[in-house]
Amino acid sequence: MTPEPAAIGPADARLLAELVEMLLDVTGEDEGWAAGITAATRLEGDLQLESVELVALGELLRSRYGEGVDLAAFFAELDIDQIIGLTVGDVLDYLAPRRQMPAHRE
Amino acid sequence: MSRFLLVVPPLAGHVNPAAGLGDALTGRGHEVAWVCSETFIRPLVGPRATVYRTGTRLYRPLGDRGLAGLKSLWEGFIVPFARFTLPAVDRAIEVYRPDVMVVDQHALAGAVAAQRQGLRWASLAPGSMELTRPYRALPKVDAWISGHCASLCAEAGLPRDETFDPRFSPYLVLACTTAALTGGAAFPDHYALVGPMLAGRAAGPDFPWARLHPGRRLVLVTMGTLSAEIAKDFYPRAVAALQPLGDRLQAIVAAPEGALPDLPPHILAMPQVPLLELMPHLDAVVCHGGMNTVGEALAHGVPLVIAPIRHDQPVTAAQVAEAGAGIRVRFARVTAAQLRTAVTAVLDDTAYRSAARRVEDSFAAAGGAAAAAERLEQLGRSPAGQERPVSSPVGPSGL
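Same order as they appear, the protein sequences are chains R and Y. Numbered by this note's numbering, the letters in the first sequence go through residues 1 to 106 in order. Numbered by this note's numbering, the letters in the second sequence go through residues 1 to 399 in order.
Just so you know, these hints were derived from the structure itself, not from any lab. Values in this document were obtained by computation on a predicted structure and should not be read as measured data. Idealized CB from N, CA, C, for every residue including glycine. Some clues are possibly wrong.
[Stated by the list, open to error] Ranges of calculated distance between the beta carbons of each label pair, as one might list FRET restraints:
no. : chain 1 : residue 1 : chain 2 : residue 2 : range
1   : Y       : Gln272    : R       : Arg98     : 44 to 54 Å
2   : Y       : Ala337    : R       : Thr38     : 23 to 33 Å
3   : R       : Asp46     : Y       : Lys232    : 46 to 56 Å
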């Protein structure tokens with residue numbers, strides 16, 4: 001929820017790429033739209049994610065990274081200003097320590 | 001005969017059902033007075049109605065959607081409107097001495113004043129937002145709304161009471177919907193789901209009826225009175241969606257003047273349409289999911305394509321889709337091709353029309369404004385001291 005976008009390393013860059021891919025999936029947008037997404041991009045104000053898209057994203061995240069990733073529970077902890085200001089980087093920070101690596105998946 | 005005081009915010013989607021209720025009450029021999037902006041209510045209630053003016057504090061929504069839209073609704077409208085109108089409500093109570101007050105869920109000054117004076121009052125829920133608590137899944141957001149309500153009560157000098165919520169009367173909550181839309185949610189006995197309250201609409205604007213071809217399906221596209229600016233890139237997509245369907249349908253687009261140049265002959269654009277007069281002729285409605293438009297369409301068994309913009313619209317859209325009476329599309333992202341597919345589906349697949357008719361039947365059974373008036377009469381007659389216990393809102397978890 002920090003306003004300044006932190007510089008991201010290669011592991012995070014990969015996670016960002018995966019998240020962007022899932023965002024493309026749930027929104028049906030194109031690569032041009034995706035190219036503009038950085039850690040500082042806001043989910044609501046910039047991407048205009050709709051509630052149905054957030055639900056779909058939550059399902060994709062869970063199936064990809066395991067039961068430890070629960071987007072709805074993450075949102076439930078946030079207040080209104082945190083949700084309005086929520087960035088892609090905030091989601092990456094949430095995902096990074098919680099995800100199970102693909103090797104653990106069946 | 002009882003005296004009813006109706007407190008309503010200056011928003012079309014709120015004033016219209018309240019006017020329907022006012023008509024039903026006066027038709028049954030009661031006296032009705034209004035606390036509202038004169039500009040909004042007068043055209044609906046006529047020159048002889050008693051109106052206690054609040055002045056007009058217009059809600060000018062910014063481009064905000066989602067939670068930013070919710071924040072601007074509460075901080076930019078509901079809370080300041082309550083503060084601004086409380087003196088007018090107090091004055092109206094003093095002069096008019098109502099037996100019962102009817103308070104829109106977004107006109108909180110009415111609830112606060114009624115409670116302060118010990119008057120019986122009913123909540124009027126024209127939309128789906130406050131009824132089903134869509135933010136239950138976001139407890140801090142839910143608490144933030146409750147906090148605004150509690151602050152208003154405290155400012156007005158009401159004793160602190162965790163169970164009192166000015167959006168939900170402990171006596172009677174009238175909702176313009178039915179279980180056909182709210183689904184399996186259980187509501188307490190003092191909730192009356194009466195369906196839309198349609199009467200009381202001012203005469204509609206002129207309409208070129210002669211231009212309608214009887215042999216073609218008729219589709220209306222309307223994105224609501226508050227959304228002209230935010231929807232300005234939606235209308236062209238809607239037109240592009242309907243453009244190739246000229247051999248089979250006609251469309252009316254309720255768009256601002258000049259917003260849509262060079263339309264094909266089968267698409268008419270006009271800033272204002274006589275919605276209620278058109279409804280019986282329509283085969284589908286494309287809209288933003290405002291409860292007024294949705295209620296009117298379903299009351300006529302017309303299926304919908306809904307592109308919800310904000311506030312309770314996503315909730316309503318999800319309810320309509322769940323009921324099978326329409327298709328929800330994404331307002332920001334739906335393409336012309338996707339919109340065309342959705343419109344064609346609700347026109348061609350009779351399941352949508354059948355589901356819309358089931359909702360229509362449930363509305364008819366619920367009784368609308370007449371049923372609401374009857375519940376209010378009972379509230380007016382119930383002896384003092386037999387008031388219901390104050391209870392908290394319930395509802396299903398929403399989105």
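Going through the hints against the structure:
1. Gln272(Y) to Arg98(R): 44 to 54 Å: holds (52 Å)
2. Ala337(Y) to Thr38(R): 23 to 33 Å: Since the Cβ atoms of Ala337(Y) and Thr38(R) sit about 30 Å apart, the hinted range of 23 to 33 Å holds.
3. Asp46(R) to Lys232(Y): 46 to 56 Å: Because 19 Å falls outside the window, the suggested range is violated.
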